[in-house]
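J.: Chains U and G are the protein sequences, given in the same order. For the first sequence, the numbering used here gives the first residue as 431, with consecutive numbering after it. For the second sequence, the numbering used here gives the first residue as 6, with consecutive numbering after it.
Mixed in with the good hints there might be a few duds.
Said to hold, decoys possible - Rough simulated footprint, nothing fancy, chain U against chain G, three-plus residues with beta-carbon under 8 Å:
# : segment
1 : 47 to 59
2 : 68 to 75
3 : 106 to 115
No lab work stands behind these hints, which were simulated from the structure alone. The C-beta atom is built at its ideal place from N, Cα and C for all residues, glycine as well.
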Amino acid sequence: GAVVSQHPSWVICKSGTSVKIECRSLDFQATTMFWYRQFPKQSLMLMATSNEGSKATYEQGVEKDKFLINHASLTLSTLTVTSAHPEDSSFYICSARVGAGEQYFGPGTRLTVT
Amino acid sequence: GENVEQHPSTLSVQEGDSAVIKCTYSDSASNYFPWYKQELGKRPQLIIDIRSNVGEKKDQRIAVTLNKTAKHFSLHITETQPEDSAVYFCAGGDTGRRALTFGSGTRLQVQP
């Protein structure tokens, strides 16, 4: 149990375009999902908390108009990187909370902006 | 907010030896402390966790200890094997809606 999927696993896009990343909880319902980004050889940095049916809560320094998060159902959250630039290239990972605190991670999406 | 510090950043041990990774946290409201293992290019995998109502938890070769007074917790891996080589992250948070705060990671290398 507690399987989280993420799609796509790898994407290359041109500067100025938008990219949508999906995060799904496959065998449980997640009222709260989290989006992280991870640069090479660095730790996971929380970008935002995605709450089903309400607006996401963004961490300080994360542009909410650039990183659009939608949590339309209890099993799906999406992150859209709008007007992507090369500096947005990173590993984006979602996680879903299970029970009393446990978080399980999706496989991650490697975004490369050219 | 929570601040989690992790040491060392790199750790090299011989196969069969023990490895210890230490973390400290700042927020006394945190009550949940998981440890994740991340292999290159892959997702973090939860390997063990501990809650603030216990001081120690063990799962085969892996154990975690928690000292609430000092606000630090540690991961202990005994009888290390080459497949234990990975980056390990500690994290702290609560069991409510708050997200986890991750440490900076420890790159463990087990020499055969």
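J.: Each hint should be assessed against the structure and marked as holding or not.
T.: Here's how the hints hold up against the structure:
no. : hint       : result
1   : 47 to 59   : holds (count 7)
2   : 68 to 75   : violated (count 0)
3   : 106 to 115 : holds (count 5)
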